[in-house]
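A.B. asks: Sequence:
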Amino acid sequence: MTDIAAPAEGGKHMAFATETPGSNWLTRFILALAVLVAMLVAIDMGMDGTFGWDARVNCAAVDAHVQGLDPYFVKNLKDTKLSYPYLPVTLDAFRPICAGGFLVAHHKPIFLLLTLISALLLPGLGRSRPGARDIALRLMCAFGGFLGFEWIVATGNFAALSGLLTAASLALLLRPARSGQGAGTSLAPQLAGAALLGLVTSFKLVFFPVLAALYFLPQPRGRKLVLIAVASGMFALPILVSLVIYPDLFRSWLSAILGQIPGQHSPGNEVNPSLLFIGLTLADRIGLAGSKPVVAAIYGLLALALVLAPLAISVWHMIGAWRPARKASPLQVLDDWLVAHPETAMRITVLAMYALYLCAPRLKEYAFFEVALYAAVLVVELPAVLMAAVLAIAIAIPILASVSGVFISGFAQLTFALICFWLLLPRAPSGDAAPR
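When we follow this note's numbering, the leftmost residue of the sequence shown carries the number 1, and every step to the right adds one.
It should be emphasised that the hints constitute simulated quantities derived from the structure, not laboratory data. Some hints here could point you the wrong way.
As the list claims (entries may be wrong) - Derived SDA-like pairs (lysine to any residue); straight-line CA-CA distance at most 25 Å:
no. : residue 1 : residue 2
1   : Lys81     : Cys98
2   : Lys78     : Ser255
3   : Lys292    : Leu308
4   : Lys78     : Gln264
5   : Lys78     : His106
6   : Lys108    : Leu161
7   : Lys81     : Glu270
8   : Lys292    : Pro262
9   : Lys81     : Ile257
10  : Lys292    : Ala384
11  : Lys75     : Phe102
12  : Lys81     : Gly100
13  : Lys292    : Phe411
14  : Lys81     : Phe94
Whole structure, please, built from the sequences with the hints as guidance.
C.D. replies: Now the structure itself:
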């Protein structure tokens with residue numbers, strides 16, 4: 001877990017401890033890891049062209065919609081047995097992307113470019129401009145972290161597009177901390193970032209809880225609630241547009257998602273590496289898999305024990321002895337502390353997004369690409385030994401297993417992501433005295 005180095009006097013920001021840059025062994029490790037990631041990308045780009053089934057399904061649905069057919073019935077989709085999972089409004093939004101079959105034929109270089117842009121867009125949490133090592137770390141995490149990019153290339157899933165929007169939203173949301181102007185900076189960039197984040201979650205509805213992480217931003221409570229409201233509004237907007245403008249397709253979409261169309265694939269019935277599926281498996285072991293309350297309770301306990309409680313305890317422990325002179329509620333203490341420590345608050349915001357993403361009830365293999373983007377923001381400022389440990393678990397071990405022929409998917413990815421999350425948790429209390 002990361003240590004916090006707090007200044008002795010109040011009024012100064014509290015930064016995460018870092019080792020002296022340029023350690024020879026760490027530099028050599030990063031260079032070796034860069035070669036490993038480059039090798040993986042080269043292998044991924046040279047994979048059999050028959051892969052990319054998600055891109056074919058998505059563009060087949062767009063083509064069916066153009067022809068006046070219902071794209072949520074698999075029988076109307078050409079050369080696939082998979083169903084189209086996205087809201088009806090996306091059918092017209094994806095039409096330029098799928099036009100002429102260019103995306104289906106060239107999805108690998110296109111997604112490679114989108115991933116490169118995503119990594120370069122990712123913000124830092126400090127005040128200085130990112131150096132070459134910081135950029136290299138973000139690139140390595142984006143292309144090699146948890147094998148998310150490998151799964152995007154293999155499946156052709158549009159997670160590369162949502163990852164790009166996620167990176168852009170983080171760049172806008174974390175802008176105040178980067179400029180060092182704190183809560184007094186313009187709210188416009190953060191409003192744009194919140195809107196983008198809400199749009200991303202409307203793309204994959206199960207990740208809606210990620211928006212709650214915006215509460216950890218170093219802003220007055222009113223501003224944070226406005227940002228959450230804007231993000232929630234952008235999440236709801238595509239749903240409302242789909243319901244109003246495409247009412248028939250919206251009903252078909254619901255039927256497809258809920259598995260109510262007989263004889264065809266349903267996204268909700270897929271095996272996926274989520275804590276919910278682990279809860280379902282555990283409930284099945286005790287003969288209660290048919291009881292939804294039992295499954296929900298086990299799922300909730302897993303999310304609480306493995307992710308949410310460790311995060312909450314770490315954050316509260318980090319606040320430590322810092323208390324305002326006046327009496328205040330725990331929530332107000334948290335608000336005041338976040339504003340007083342903007343860079344740390346930004347880090348906690350990204351860590352909370354990481355945590356809530358891991359708790360999603362449906363977490364496919366390619367979704368770990370976005371988890372890797374969150375990790376790319378967090379890993380840069382770590383102490384050297386801890387940085388090496390996170391990079392080894394998130395990148396080196398999965399890649400070595402993959403290139404050696406070991407099949408790395410779902411629950412292995414979830415395990416690696418959970419271990420990295422625990423390593424990224426802060427634990428040292430603040431030494432700042434409260435302003436008086």
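A.B. asks: Each hint needs a verdict: does it hold in this structure or not?
C.D. replies: Taking the hints in turn, this is what the structure says about them:
Restraint check for Lys81 and Cys98: satisfied, since their Cα atoms lie roughly 19 Å apart, inside the 25 Å limit. A distance of roughly 20 Å separates the Cα atoms of Lys78 and Ser255; the hinted pair therefore holds under the 25 Å criterion. Of the pairs offered as hints, the one joining Lys292 and Leu308 holds, with about 22 Å between alpha carbons and a cut-off of 25 Å not exceeded. For the proposed pair Lys78 and Gln264, the alpha carbon gap of about 14 Å is at most 25 Å, so the pair holds.
Under the criterion of a C-alpha separation no larger than 25 Å, the hint pairing Lys78 with His106 is consistent with the structure, at around 18 Å. Taking the CA atoms of Lys108 and Leu161, the gap is near 12 Å; set against the 25 Å cutoff, the hint holds. Between Lys81 and Glu270 the CA atoms are separated by roughly 13 Å; this keeps the pair inside 25 Å, and the hint holds. Only pairs whose Cα atoms come within 25 Å are accepted, and Lys292 paired with Pro262 is accepted, the gap being roughly 22 Å.
Restraint check for Lys81 and Ile257: satisfied, since their Cα atoms lie roughly 15 Å apart, inside the 25 Å limit. At most 25 Å may separate the alpha-carbon atoms for a hinted pair to count; Lys292 and Ala384 exceed this at roughly 45 Å. At most 25 Å may separate the alpha-carbon atoms for a hinted pair to count; Lys75 and Phe102 meet this at roughly 23 Å. For a cut-off of 25 Å, the pair hint linking Lys81 to Gly100 stands: about 22 Å separates their Cα positions.
Taking the CA atoms of Lys292 and Phe411, the gap is about 22 Å. The hint holds against a cut of 25 Å. The hinted pair formed by Lys81 and Phe94 meets the criterion: a straight-line CA distance of about 20 Å does not exceed 25 Å.
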